[in-house]
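Listed below, chain by chain, are the residues.
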Amino acid sequence: DTGVSQDPRHKITKRGQNVTFRCDPISEHNRLYWYRQTLGQGPEFLTYFQNEAQLEKSRLLSDRFSAERPKGSFSTLEIQRTEQGDSAMYLCASSSTGGYTFGSGTRLTVV
Amino acid sequence: AQSVTQLGSHVSVSEGALVLLRCNYSSSVPPYLFWYVQYPNQGLQLLLKYTTGATLVKGINGFEAEFKKSETSFHLTKPSAHMSDAAEYFCAVSEIAGGTSYGKLTFGQGTILTVHP
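Read top to bottom, the protein sequences are chains A and B. For the record, in the first sequence the residue sitting at position 56 is 95 according to this note's numbering, with numbers rising by one throughout. For the record, in the second sequence the residue sitting at position 83 is 298 according to this note's numbering, with numbers rising by one throughout.
The following block holds chain A by itself, in its conformation from the complex (with noise of 0.2 angstroms):
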């Protein structure tokens, strides 16, 4: 088990491109999540899947962000049109009974 992988781990894109990253979770975890930390702050919830539902999404979320689970396993989340405000560490964790574990985060810079 390598556990959570995340990917890119950065990415730099211009205002206004459209971005997308991937989260692999550990196998036997049926939770996944995404969180978005920026500087100085904490890690905010976006959205977390059951297998491949999606049961929440944070206000936070706008519509210019979708994820998906596809078949339960891995996860991508796209960012479209990007702004500078999106600007931040995304972070990608899974959990199951035994634990909750966090991926190394994908650092987005937008220009």
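Hints listed in this document are in silico derivations from the structure and should not be mistaken for laboratory results. Beta carbons are placed, not taken as given, at the ideal position from N, Cα and C, and that holds for glycine. No false leads were mixed into what you were given.
Far from chain A, by Cβ distances over 10 angstroms, these chain B residues were calculated: (1) 227; (2) 231; (3) 279; (4) 292; (5) 294; (6) 300; (7) 329.
Label-pair restraints from in silico Cβ distances: (8) A:77 <-> B:331: 27 to 35 angstroms; (9) B:324 <-> A:146: 13 to 21 angstroms; (10) A:96 <-> B:294: 40 to 48 angstroms; (11) A:98 <-> B:285: 31 to 39 angstroms; (12) B:254 <-> A:41: 16 to 24 angstroms; (13) B:222 <-> A:120: 36 to 44 angstroms; (14) B:298 <-> A:120: 43 to 51 angstroms; (15) A:135 <-> B:279: 20 to 28 angstroms; (16) A:96 <-> B:268: 31 to 39 angstroms; (17) B:241 <-> A:96: 17 to 25 angstroms; (18) B:285 <-> A:94: 32 to 40 angstroms; (19) A:44 <-> B:254: 12 to 20 angstroms.
Selected chain B positions facing chain A (Cβ under 8 angstroms, derived; list incomplete): (20) 256; (21) 257; (22) 258; (23) 259; (24) 305; (25) 317; (26) 319; (27) 320; (28) 322; (29) 323; (30) 324; (31) 325.
Given the coordinates of chain A, assemble chain B onto it according to the supplied hints.
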């Protein structure tokens, strides 16, 4: 709704001194409580967690925390600070998700720990 307050955004100690990072929470149901550490440009590493049972929880790297329900607190301590402890620390509370899994986490604002030689 749950919330977490970490008292002190910056704490500075000398190497070998006691570390005390404060965390108070608000939750309408019995909470699960966590402390995470984050090094620059890295993800979150779990230090320790409280779910049920013994209220004094021991974690990695010599850290421990005590759940005090009457004070709604979960302060993190370490008897003797090491230079390698310098990092940002986050307290978090989780709802219990149907008794089968952890739910989403609500984090505090974080406390940056500086350790002086």
